[in-house]
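> Please arrange chain B on chain A, whose structure you already have, making use of the hints.
These are the residues of each chain, in order.
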Amino acid sequence: MRIHRFFRPFLLATLGALALGAFGSPGHTEEPYQIVVNSANPSASLAKERLAAYFLKKETRWGDGTKVAVVDRAPGAAVRAAFSKSVLGKDVAAVKSYWQRLLFSGKETPPAELDTDREVMEFVAKSPGGIGYVSAGTDLGAGVKALRIGS
Amino acid sequence: MWGRQRVFALVGALAVATGATFVAPSLAAEWTDKVSIHAYGGWALGSSDPYPYLSGSGDSDPEVDNVEAVLLFQFRPTENVQIVLAPGWEIAQSGESAEQSQSLEIASVEWSSSEKLRLRLGRNRLPFGIYTDIFDVGTLRPLYFLPQSIYGPTGFVNEAYNGAGISGLAPFAGGWQVDYDLFAGGTDFETEEIFEVPASGSDGGEAQSAEAGVEKLFGGRLTLTSPIDGLSFGASAFSGQPQARGNTALRNPSWGDFSSYGAHLEFLRGPWNLRTEVGRHYEDEYSSKAGYVEISRRIGTHWQGALRGESVRVDFDQELPPDAKSLLDHDELVAGISYWLSENLVLRLAYHRIEGNLFAHPSEEELADVLAAGKLDETSRLITFGAQFSF
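If you're matching them up, the sequences are chains A and B in order. Residues 1 to 151 (our numbering) make up the first sequence, in order. Residues 1001 to 1391 (our numbering) make up the second sequence, in order.
Next comes chain A alone, as it looks inside the complex (with noise of 0.2 Å):
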């Protein structure tokens, strides 16, 4: 029947996208940043909900009571704008302006600001609670480990 004929563009496209959604997980979807932590933490995988607690400093201990220790790129960073709008849901004018409102109130401090992927790897290999994000395909050196950011 022609409405047939209309309507199949429309249903095959449908049923693709419900095929994607299905077995397609975010989890595959390439972000142009990878978590790091400390090689000895035992965790493998972070719901983002949990991260940004962690980042926000809203949470500060992980699973085994280790003290979390973050570490930010620094503003200018494109790999601090992806990170902050994929993970915390902000752009990083807001981020800093979530920070300073908690260190000019004499709350909280900010994580660590470093320059470079390098510089956040050494961090979080010294710190046994550390975790920080680098540029997606950065070569992990030794004592640090990607952590896959889970559902």
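In short, the hints are calculated from the structure, not lab data. Ideal placement from N, C-alpha and C gives every residue a C-beta, glycine not left out. Heads up, some of the hints might be wrong.
Listed below are several chain B residues computed to face chain A (Cβ distance under 7 Å; list not exhaustive) [stated by the list, open to error]:
(1) Ile1106
(2) Arg1125
(3) Asp1133
(4) Val1137
(5) Asp1331
FRET-style restraints, in silico, Cβ to Cβ [as the list claims (entries may be wrong)]:
(6) B:Ser1101 x A:Asp139: 55 to 63 Å
(7) A:Pro128 x B:Glu1211: 49 to 57 Å
(8) A:Thr66 x B:Gly1305: 42 to 50 Å
(9) A:Lys145 x B:Leu1333: 53 to 61 Å
(10) A:Ser45 x B:Arg1313: 26 to 34 Å
(11) A:Ala78 x B:Ala1173: 30 to 38 Å
Same frame as chain A, now just chain B:
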């Protein structure tokens, strides 16, 4: 008049602001994980007509004696303990003259078991509404001056209290988060009670614009952050016992004679910021209700436009002469534009139009004569230009 002292003040303020921009990154260095040093402040030029208000002295000549700087030292000797010291320096226009003062903004020791519970002892920020945590941090607001309806000399807030407090946050299902503050102690509230001049028949003096000492102060604030990105709202309240004042009817004050209640809402989404607060304040002889709405938008990287409307109404126990009733009111519209040189330094220009004489009025010494002559002007204007920084 542009006297020598004012020129020095202007040059000094510009030097501080400019220097802050260039040396900020190195000064703000986190020397170790345990110590950090930061600062914030600003300078404003003001011209008001016909009455003094904020940075304007009321004679139309530009006033430059408005400078403020605060240093913030944070020490973290152990994982769970934090010590904060914040000394501040200020030169501020006070009516037709300028006054210089030093203050201790924060001096507190904090112990935290987790983000859910923090205990503070000492001199802490008084938690009320939106801006008290960041009272003088100009880089966290869209206009140079805070809304005077809530943050002016109305008795709603003070920059700090002396005592003990607990605070914390807790996430809940569905993306909600609760932030709470509870505190107990005492402080001095600045209050503007110009309406007492015609009521008492006095010729003015310190009694009408003074600090009200409040003891046995208990209060708190609850803020809910919603799952809707950028939307949060909450409520604040405190009550205390004002200290006896020899020259007023308040000779035997009791607990609850000095109280404030307020509600606040913030919606910060992308370049748009919307903030609004309403509140009620009660003292022995009068009460007031106040509120403001403030909206701003960032335009590109550097520019920001802002509009604010606010209002205060005082309900005074005594009857005022008809010509003096505007001393109970304050309505203000502000339009401002900011140019952000960086996220740490901003230049600001604003125009304020004020109706009512609660805050913008002749000096207390002149008020009786102005009222007798029937020449009280209910409309005042203020133009401000300034720079604010933080790092």
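> Of the numbered hints stated previously, which ones are contradicted by the structure, given in increasing order?
Of the numbered hints, 5, 10 do not hold.
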